[in-house]
Amino acid sequence: MAWTSATLKAYGALDVHLLKSERSKLRIAVCDAPGPIVKGTISFVTEIDNNDGLPHTLEHLVFLGSKNYPYKGFLDIISNRCFGSGTNAWTDQDHTAYTLNTLGSDGFLKVLPVYLDHLLDPLIFDAHYKTEVHHVNGAGEDGGVVYSEMQNYEGDMETMVGEKAKTVFYPPGNPYSVNTGGALKHLRESCTVQKCRDYHKKFYHVDNMLVMVTGKVDLNALKDIVEKVETKYMDRKPAAFDRPFTSFVLPKLAEKKVARVQCPVDDDSSGYVEMYWYGPSPTNFKDSSAFTILETYMEDTASAPLQKEFVLTDQPLATNASFSCLIQKPCVFILRFQNVPKAKLDQVEDKALKLFRDHVQGKIDFDMERMQSIIDRKILSLQNNVENDANDMMVHPIINYQLYYETDQELDGAFHEIELLRKLRDYTPENWRDLLNEYVVSQHHATIIGVPDKGLVKKNAAEEEARLEKRKAELGEAGLAAKEKELNEAVKITKESYPPNELLDDFIVKNLTSLNRISVQAKKLLPGDDHANDFAKQFQCPAVQHTVDSNFMQAVISFDTRGISGEDKLWLMLYNSLLFESPAMINGKLHSAEEVSRLYTKDLVTYSNDPGVFGAYHRLNTLNLRVDTVRFKNLAHWAKIFTKGVQFDINKVKVIAKKLASEAQEYKRDGNMVSSAASASLSYQNGSVSATYNHIRLEKFHEMVVKLCDEKPRFVEQKLEEIRSTLAAAGANIHIIGNPERAKALPTSEWDFLPCSNSNLFEVKAGEETTQYDEQAANGLVIGVGGTESSFVRQTISSGVGWKSKEAATLLLLSQYFSQTEGPLWCRIRGNGLAYGANIYVDLDEKTISMSLYRCSDPVKAYNSTLELVREVLDSGKLDTAQFDSAKRSLIFELMDSEHGVKGAAKRSVLAQLRGLDNETYMRSFCDEILNTSVENVFAEAGPIMKRIFTKQSLVFVTQPSKAAKIGKQLPGLRTVNVDDLALKPQKF
Numbered sequence: 001m002a003w004t005s006a007t008l009k010a011y012g013a014l015d016v017h018l019l020k021s022e023r024s025k026l027r028i029a030v031c032d033a034p035g036p037i038v039k040g041t042i043s044f045v046t047e048i049d050n051n052d053g054l055p056h057t058l059e060h061l062v063f064l065g066s067k068n069y070p071y072k073g074f075l076d077i078i079s080n081r082c083f084g085s086g087t088n089a090w091t092d093q094d095h096t097a098y099t100l101n102t103l104g105s106d107g108f109l110k111v112l113p114v115y116l117d118h119l120l121d122p123l124i125f126d127a128h129y130k131t132e133v134h135h136v137n138g139a140g141e142d143g144g145v146v147y148s149e150m151q152n153y154e155g156d157m158e159t160m161v162g163e164k165a166k167t168v169f170y171p172p173g174n175p176y177s178v179n180t181g182g183a184l185k186h187l188r189e190s191c192t193v194q195k196c197r198d199y200h201k202k203f204y205h206v207d208n209m210l211v212m213v214t215g216k217v218d219l220n221a222l223k224d225i226v227e228k229v230e231t232k233y234m235d236r237k238p239a240a241f242d243r244p245f246t247s248f249v250l251p252k253l254a255e256k257k258v259a260r261v262q263c264p265v266d267d268d269s270s271g272y273v274e275m276y277w278y279g280p281s282p283t284n285f286k287d288s289s290a291f292t293i294l295e296t297y298m299e300d301t302a303s304a305p306l307q308k309e310f311v312l313t314d315q316p317l318a319t320n321a322s323f324s325c326l327i328q329k330p331c332v333f334i335l336r337f338q339n340v341p342k343a344k345l346d347q348v349e350d351k352a353l354k355l356f357r358d359h360v361q362g363k364i365d366f367d368m369e370r371m372q373s374i375i376d377r378k379i380l381s382l383q384n385n386v387e388n389d390a391n392d393m394m395v396h397p398i399i400n401y402q403l404y405y406e407t408d409q410e411l412d413g414a415f416h417e418i419e420l421l422r423k424l425r426d427y428t429p430e431n432w433r434d435l436l437n438e439y440v441v442s443q444h445h446a447t448i449i450g451v452p453d454k455g456l457v458k459k460n461a462a463e464e465e466a467r468l469e470k471r472k473a474e475l476g477e478a479g480l481a482a483k484e485k486e487l488n489e490a491v492k493i494t495k496e497s498y499p500p501n502e503l504l505d506d507f508i509v510k511n512l513t514s515l516n517r518i519s520v521q522a523k524k525l526l527p528g529d530d531h532a533n534d535f536a537k538q539f540q541c542p543a544v545q546h547t548v549d550s551n552f553m554q555a556v557i558s559f560d561t562r563g564i565s566g567e568d569k570l571w572l573m574l575y576n577s578l579l580f581e582s583p584a585m586i587n588g589k590l591h592s593a594e595e596v597s598r599l600y601t602k603d604l605v606t607y608s609n610d611p612g613v614f615g616a617y618h619r620l621n622t623l624n625l626r627v628d629t630v631r632f633k634n635l636a637h638w639a640k641i642f643t644k645g646v647q648f649d650i651n652k653v654k655v656i657a658k659k660l661a662s663e664a665q666e667y668k669r670d671g672n673m674v675s676s677a678a679s680a681s682l683s684y685q686n687g688s689v690s691a692t693y694n695h696i697r698l699e700k701f702h703e704m705v706v707k708l709c710d711e712k713p714r715f716v717e718q719k720l721e722e723i724r725s726t727l728a729a730a731g732a733n734i735h736i737i738g739n740p741e742r743a744k745a746l747p748t749s750e751w752d753f754l755p756c757s758n759s760n761l762f763e764v765k766a767g768e769e770t771t772q773y774d775e776q777a778a779n780g781l782v783i784g785v786g787g788t789e790s791s792f793v794r795q796t797i798s799s800g801v802g803w804k805s806k807e808a809a810t811l812l813l814l815s816q817y818f819s820q821t822e823g824p825l826w827c828r829i830r831g832n833g834l835a836y837g838a839n840i841y842v843d844l845d846e847k848t849i850s851m852s853l854y855r856c857s858d859p860v861k862a863y864n865s866t867l868e869l870v871r872e873v874l875d876s877g878k879l880d881t882a883q884f885d886s887a888k889r890s891l892i893f894e895l896m897d898s899e900h901g902v903k904g905a906a907k908r909s910v911l912a913q914l915r916g917l918d919n920e921t922y923m924r925s926f927c928d929e930i931l932n933t934s935v936e937n938v939f940a941e942a943g944p945i946m947k948r949i950f951t952k953q954s955l956v957f958v959t960q961p962s963k964a965a966k967i968g969k970q971l972p973g974l975r976t977v978n979v980d981d982l983a984l985k986p987q988k989f
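Residue numbering for the sequence shown follows full-length UniProt numbering, beginning at 1 and increasing consecutively.
Incorrect hints may appear among the rest.
Dumping the calculated PhoX-like pairs for lysine-lysine here, alpha-carbon to alpha-carbon at most 20 Å [claimed, not checked]: (1) Lys459 to Lys966; (2) Lys344 to Lys329; (3) Lys654 to Lys700; (4) Lys354 to Lys256; (5) Lys640 to Lys744; (6) Lys378 to Lys524; (7) Lys985 to Lys700; (8) Lys654 to Lys719; (9) Lys237 to Lys20; (10) Lys67 to Lys228; (11) Lys861 to Lys492; (12) Lys195 to Lys185; (13) Lys228 to Lys286; (14) Lys470 to Lys185; (15) Lys308 to Lys164; (16) Lys351 to Lys257; (17) Lys308 to Lys363; (18) Lys495 to Lys765; (19) Lys719 to Lys765; (20) Lys470 to Lys483; (21) Lys252 to Lys164.
In case anyone wonders, no lab produced these hints; they're calculated from the structure.
Predicted model only: the values in this text are computed from it and were never measured.
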């Protein structure tokens, strides 16, 4: 069989091999990238003109079995057995994509033909539709995995504004104007299983399929697999297939459009605004790249016009103002304003347009030095991202190639973004004014305003209750019983389709061979070491050098918060937020916040300051800075400024404190964020960073600081100075990541600002902030959130198990057994339509075990079913052999997936040092231990610990306010509280 081929160079670093079939329009793209993980994406262009959600419902249904493999979840089961962790997919406005990731290529090539078979020839039974998409149960309530998922978005302000924008900005019935996920009303009333079948026939065939792979894989073996699948399904492709999204040309807006949408919220102090403009064609890479730079110029850091006008002011109009670009035909530019004060919602549009007009008319000059530094930083950012996540850099350009590009040369143009950016250095202020005028100022636009409405919470709840009561009355007892019978039969049919063990035996990678890890060599650099080399001698504080092949150098500088009291830890988020938003002394001269931001964005590729080190050990407060290797000196330069040079200007402090308090209002509308905040308040010790460092919990404190800035400004400045001095007094540790042979060692004086209180690295202990386990504790909460239609359940309790515990492998493995895709929890909870996600997690750094039920349609039933399942398994003393094999291999994949790319590999090395492990040997031996663990060991070591989830300690339910009281009655011992009750009550100063 003939294929045409081409090889492109992506971002000047990665080879991308393109293959196009001469029998169909099928395409293959393979990107050769280093690392242990092989990542695959299979994409179909999908177009729809209504809100039935057919692209999304079909995305779910294909996983329930194919005609050749008529077993629910077969794909996920064999993926787990082949050193993967299930499969995944996403539905976008113009395509649906499916992913397969494995450790090494053996498993990938074994699973891929079965995956393609499922996509091209799925079962799509009526029973599958009832459990996976939508059903009505015996109580007259709606359920289904898709329905539960979409419930979470129905009352979300940003989602409501986005969906309204589609209907306002695009012509009626246009594929860009609809909800591809499925509106709840349409899922209930108009979406059907037959529509899903017809939709599949129209779009899922070899003429509309692209297969992309990133990683180390045999190209010929891959081609052979795809070729056989193509041959098998050639007769399924339509005689004529018009490429979707080519049958229309979107007209420019003839006039400005403004729409308002009322949104249910508990706190109606702030709303949300979006503005839309049509941009260039998807193949006009020059203008798209230029506008990306213009967006960054307008929105990023304290120097940005949008930040100065809307966010960082005494009377802010938003907590954030940011652009994004949708790659469509044509592209669309969206400007979003978050947490806009309700009384000022109507001011946003005019103020934004005036700002843009003033730039076009020359009333406000472009800062060309800053523009040049943004271009340079964007180039470095692309190179950095290629090094850290090649797949993420490849997948969207290649899908856009499938969607909108006509030739390989156009894809090559997308891959030459760095060259385009370099050409933008020659742009004059006039060029930037012309660009802003062409796509924004001279164009009509659409503005959508999300108006907060507290009254809608009760109104919507009453309407929903009335709808359900009407249905119950219409169905009657007999009708409800029939619905329950239908659902039970559907569940039975779905559950009975489990693959036989002899078939599963054909789909397993038994042995763990080479991990193909990216090498990182760690070496401690302690003060006074007589054997230290020149690079090591520059550091006066304890340090660790992590040598990895990279074009970048990163400094991870940690300070100990142990000396900060629990009450003073409330200041830590404000302190961290101020570091990048404040004036500073640089080389003996005071620079404004705007000048500082302009300078550090010129010198640094990435920067952050947060509790923890790569998400663990939150007792340490960590400054993360990254530069390209030739600018290694900038690490020391900016670390010194952020550590010692920041000036706490009271006006800036007030602005940032107000911003943080306003951001809490947004998070309080998100049920999942609320459950996380509530869980942290219960699961971690009072006064710890883990318990306090949360926007929702700190809302009242930040509001108090705003007042203190007016009433006691000197006191506020002193508290922030105390935080800085206390951190400094405890000393610092530094991890340097990169290739020291490419960086010139600095004089000792460049790093002497880092405090050195001792000659050794900090001792951190796993779980040191976690609340101790108490089987008698019943401190659970039920919280009503008006901005969500879905429910969330979360519980985090101490396990007592860390990385060095003998139970580490067995506890991880038991949790993986329950939580793996198509595992017991998946089948019992998601398979019955009770929740979108059900998992038990183990965190060895925090020494915790957590249960999470995500987007529940029936939270109490989901919770009780989870406990019943765990109890059944633990009491039986038996694990399904096939699922146990799957759990081992999928767990190993997840452990190794965290170190894909240079950044992931380096992160693992840093964490290994903090954990007291040997990065070079531990992970391999740990994976071998998991692979060789017996069922008996799992029950003996992990079983007693798993039983801890049977208590109500730290149990949190978040749901719609109308359902909160009912849950409280069903689960005695839980307190029903409001979201505002989660906020810490700071002492009055």
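Quiz item: Would the pair Lys308 and Lys164 pass a check requiring their Cα atoms to be no farther apart than 20 Å?
Solution: violated, 29 Å
Quiz item: Between Lys344 and Lys329, is the straight-line Cα distance small enough, at 20 Å or below?
Solution: Not OK: Lys344 and Lys329 at ~33 Å, beyond 20 Å, violated.
Practice problem: For the pair supplied as a hint, Lys195 and Lys185, confirm whether the alpha-carbon distance does not exceed 20 Å. | Solution: At roughly 16 Å apart (the allowed maximum being 20 Å), Lys185 and Lys195 satisfy the hint.
Quiz item: When you check the alpha-carbon spacing of Lys861 and Lys492, does it fall within 20 Å?
Solution: Distance ~18 Å between Lys861 and Lys492 Cα, so the pair holds.
Quiz item: Holds or violated: are the alpha carbons of Lys719 and Lys765 at most 20 Å from each other?
Solution: Cα-Cα ~28 Å, so violated.
Exercise. Take the C-alpha atoms of Lys470 and Lys185, compute the straight-line distance between them, and say whether it is at most 20 Å.
Key: holds, 15 Å
Self-check item: Restraint check for Lys237 with Lys20, where alpha carbons must lie at most 20 Å apart
Solution: Between Lys237 and Lys20 the Cα gap is close to 16 Å, so the pair holds against 20 Å.
Quiz item: Straight-line Cα separation of Lys985 and Lys700 no greater than 20 Å?
Solution: Distance of about 7 Å is within 20 Å: holds.
Exercise. Mind checking the alpha carbons of Lys378 and Lys524 for me, to see if they're no more than 20 Å apart?
Key: violated, 33 Å
Quiz prompt | Proposed proximity, Lys257 with Lys351 (alpha carbon, max 20 Å) | solution = holds, 16 Å
Quiz item: Does the alpha-carbon distance linking Lys654 and Lys700 stay inside the 20 Å limit?
Solution: Holds, at about 14 Å.
Exercise. Would you mind confirming whether the straight-line C-alpha gap from Lys495 to Lys765 stays at or under 20 Å?
Key: violated, 44 Å
When the structure is compared with the earlier hints, violations turn up for hints 2, 6, 13, 15, 18, 19 and for no others.
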